[in-house]
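A.B. asks: Listed below are the residues making up each chain.
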Amino acid sequence: MNFPLAQTDAAGRLRHLVTLDGLPRALLESLLDRAAVFAAQPVKNDALRGLTVANLFGEPSTRTRASFELAALRQGADVVNFEITLSSRAKGETLLDTVYTLLAMRVDVFVIRDAEAGVQDMVARAVDGEAAVVSAGEAHLSHPTQGLLDALTVRQAKGDIGRARVAIVGDIARSRVARSAHRALATLGCAELRIVAPRAMMPAAGAFEGARRFESMEDGIAGADVVMMLRIQHERAGSGPVDLAAYHRDFGLTAARLALAAPDAIVMHPGPMNRGVEIDSEVADGPQSLIRRQVANGVAVRMAVLEALAASRRKP
Amino acid sequence: MNFPLAQTDAAGRLRHLVTLDGLPRALLESLLDRAAVFAAQPVKNDALRGLTVANLFGEPSTRTRASFELAALRQGADVVNFEITLSSRAKGETLLDTVYTLLAMRVDVFVIRDAEAGVQDMVARAVDGEAAVVSAGEAHLSHPTQGLLDALTVRQAKGDIGRARVAIVGDIARSRVARSAHRALATLGCAELRIVAPRAMMPAAGAFEGARRFESMEDGIAGADVVMMLRIQHERAGSGPVDLAAYHRDFGLTAARLALAAPDAIVMHPGPMNRGVEIDSEVADGPQSLIRRQVANGVAVRMAVLEALAASRRKP
Amino acid sequence: MNFPLAQTDAAGRLRHLVTLDGLPRALLESLLDRAAVFAAQPVKNDALRGLTVANLFGEPSTRTRASFELAALRQGADVVNFEITLSSRAKGETLLDTVYTLLAMRVDVFVIRDAEAGVQDMVARAVDGEAAVVSAGEAHLSHPTQGLLDALTVRQAKGDIGRARVAIVGDIARSRVARSAHRALATLGCAELRIVAPRAMMPAAGAFEGARRFESMEDGIAGADVVMMLRIQHERAGSGPVDLAAYHRDFGLTAARLALAAPDAIVMHPGPMNRGVEIDSEVADGPQSLIRRQVANGVAVRMAVLEALAASRRKP
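Chains as they are written, first to last, in the working numbering: chain H, 1486 to 1801; chain F, 1486 to 1801; chain W, 1486 to 1801.
If you are wondering where the hints come from, they were derived from the structure by calculation, not from laboratory data.
Even glycine gets a Cβ: it sits at the ideal position worked out from N, Cα and C.
Please note: incorrect hints may appear among the correct ones.
[Said to hold, decoys possible] Some, not all, of what chain H presents toward chain F, calculated at C-beta under 10 Å:
1. E1554
2. V1780
3. G1783
4. V1784
[As the list claims (entries may be wrong)] Covered stretches of chain H (chain W as the covering partner; in silico rule of three or more C-beta atoms under 8 Å from a C-beta of chain W):
5. 1528-1538
6. 1555-1568
7. 1582-1593
[Claimed, not checked] Chain F residues, not near chain H, derived (Cβ > 12 Å throughout):
8. A1521
9. D1582
10. V1592
11. R1610
12. R1659
13. E1694
14. E1700
15. G1756
16. G1761
17. A1796
Using the sequences plus the hints, can you model the full thing?
C.D. replies: Rendered as structure tokens:
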């Protein structure tokens, strides 16, 4: 377990997507290129006919599960859904027994969402060579398809990620969305990445390498081309004193604050939104918002990822 | 929200099916004609291939959900199921965020069942022009596909709805089934509609326009061609003193009572039945019962409705 | 209800699979032959296109439900899943109302798992001639597709069931897996069947006809060609004093004990395993283990059973 998981094969093709860390720029760009085609021409195909996709979701998530399920069904895959918390099981072999059982049923792709770190990596190592693993969210660490869809949305809107100044705002420390967006955008050569958060939500020093840090929202979004808001994690609010009114006052995206960004700045949010907390409805539904486009891009990106994994499985 | 939702387009094609109120007779007849074909020749087709149907069921309903799911799958649609109570969410925009998210994933038809009035109408207005909404049951108000399947069953059995005398018996006040059956049959020119209930279950004056009211079951079903029983809503029984034995004594459909109706009267029930309460097994399983035919017609009607919605979406 | 259910038609074709009892050897062999083809060439086909399979699972079972679901989807069937405990309903007619409702929706095959004995038989009689029933597990009595997959696994590994000495070890008394494995292997002419259990887990006298009984594991597996372990039923452990450490000491399959069997003995387990209780990981993951092969064979056997049922329904 000391070596990093090999997410690509000798020919550079995607074999798993557990994290964006270490994936080359060319691979990310080819996934975005293909996703852009799916986004523009959303037609049913049979690219995955004969393949089986298993959704193993330990955390409830209507939207992400639906997005993966539709990405698979629209390419003709057979899909089975399980609400199963791999991490809450007796550790180690029992988890793997569940995985090996599904593998023996010829599951080709495991889509896994889990609140515990390391589950996707462990499963990917276990099924390596026989099936592929895609993370649909790992603890606070990683959400690679979200990172890709965010990058696609920025590229579509701004044309060139290399010129975009992107501000990620909110509960950065506990956000897998922020980590994967940062990783995708950094790999793709984003001009400037900023993380904007109250001190209590700022990640540890050294994380988010290369990003500029701002504890003032006004400073953080000044001149930004992209304002990417994060959601307050209400389910974790019990662990700390999150005063929602104060949060909105200091870090909520209002129309007035958005005016500090570039005139053609776009607004993003991974959803689900807490309207009136991290973002005002006027902004969420306004002309600069690409929040629904992100959702559409999510299906397209997942179609591209599943297609790529299928291709690497078919041509050994 | 002041204007009624436009359920048809300029060419008269169905765009949503939230209520039967206001739909023209010709449209209902064309849906029944098409459903009759599906009922007679239940073969798998690809009419909905490439379309996505989302079932959003806030109230548990094995049978109705299965009926819609099969109606979609048998026409080649992709189907995603959600157990989601839209009405229990924070009101307004949050509900719509869920809907807009699914819309952005290119859901074409939203099938919605909810205990709260108005949810389907609100969603239909929100997605209008981009997707269609079908009600699968709205509070105590409306269950339009049930009304259509009831009308189809009457038409199949009696040939001409215009000559049928129909008695609807039971907990009328709280029954969406009764409301939609009344609306469908009235639109289709039913000869005579009767509502039969104990006073406590009789709807407010003015409701069920044109229907004759009977507080005696014997009087109510005398000479009727169709006896449509409703189920006692056990889940609401706590709100009032429903004495089941007394109910059966006064309003249960026994063989003796059925003999008061026309000799070739048919018996209907939307299910699930409370045998021994509103209906005796001898009647439910007897030769005059079309209860299972109603279920079969339910799938056929839903196939016809989905097909019509798909047609209006494809030819703008 | 006094006559046994006719599981085959006049031409000997399978109409239901509620139990292996009474099914002729030639039928079992033809199912295994066909399953072997599916196991060797797992390609998607359309053999069940236009048919509807309903999974009614009253007991939670990720693996068995997934196995049946994939067996149906991979042959092009439409599949609907229900978590529904038929036996916990008001008895008799209410259960059947649910079944008749699904039948009226043109469900072709009911796959039923239930903790109560007799449910599958009752449903099969109710839908007889209109649909087929497959048991996916009935109380402690029967699990016919498990029996078939176990037999297929033995045949694949040993070539000839007629020469195999098979020891079934564990909680025999409460095991439907043991009963169906015994029945399948006995019908197929297994050379020698042994049941091995502590006295408290030994079935009543007369059960497991023809099997030799051993209360010592060492004696029971000596020279065996197949060692089929059962799982300790933790969910039933509360009913009796199962000392897991003592159980492992006396009946756990360790590498040392396995050495008492034939040198090329195979190890089987229906899953999920309690590692360290009835079986050691060294054995479960060792070269003699065919546990994952059993899972793969499970999908293949269920494909063969569904195909056979579809054939008998199509050619009346």
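A.B. asks: Hint by hint, note whether the structure agrees.
C.D. replies: Against the structure, the hints:
For E1554(H), the interface hint holds, the least distance from its beta-carbon to any beta-carbon of chain F being 6 Å, beneath 10 Å. With 10 Å as the threshold, the beta carbon of V1780(H) comes within range of chain F, its nearest partner Cβ sitting at about 4 Å, so the hint holds. Look at G1783(H): its Cβ gets to within about 8 Å of chain F, closer than 10 Å, so that hint holds up. Here the hint on V1784(H) is kept, as its CB sits about 5 Å from the closest CB of chain F, short of 10 Å.
Under a criterion of three residues with beta carbons nearer than 8 Å to beta carbons of chain W, the stated coverage of the segment 1528-1538 of chain H is upheld, 3 such residues being counted. Evaluation of the coverage hint for the segment 1555-1568 of chain H: fulfilled, as 3 residues show C-beta separations to chain W shorter than 8 Å, against a requirement of three. Coverage of the segment 1582-1593 of chain H by chain W holds [criterion: at least 3 residues with CB-CB distance below 8 Å; count 9]. No Cβ of chain H approaches the Cβ of A1521(F) within 12 Å, the least distance being about 29 Å, so the stated non-interface status holds.
The beta carbon of D1582(F) is not kept farther than 12 Å from every beta carbon of chain H, the shortest such distance being approximately 6 Å. With 12 Å as the threshold on Cβ separation, the claim that V1592(F) sits away from chain H is violated: the shortest Cβ distance comes to roughly 8 Å. At roughly 15 Å, the least C-beta separation between R1610(F) and chain H is larger than 12 Å, which holds for a residue marked as non-interface. Non-interface status of R1659(F) relative to chain H is upheld: no Cβ of that chain comes within 12 Å, the nearest being about 30 Å off.
The non-interface label for E1694(F) is consistent with chain H: the shortest C-beta to C-beta separation is roughly 40 Å, beyond 12 Å. Non-interface status of E1700(F) relative to chain H is upheld: no Cβ of that chain comes within 12 Å, the nearest being about 47 Å off. Even its closest Cβ contact with chain H, about 28 Å, leaves G1756(F) beyond 12 Å, as expected for a residue assigned away from the interface. At the 12 Å boundary, the C-beta of G1761(F) stays outside the reach of chain H, the nearest C-beta of that chain being 37 Å off.
A cut-off of 12 Å between C-beta atoms confirms that A1796(F) is not in contact with chain H; the least separation is 18 Å.
Hint compliance for this structure: hints 9 and 10 are broken, all remaining hints hold.
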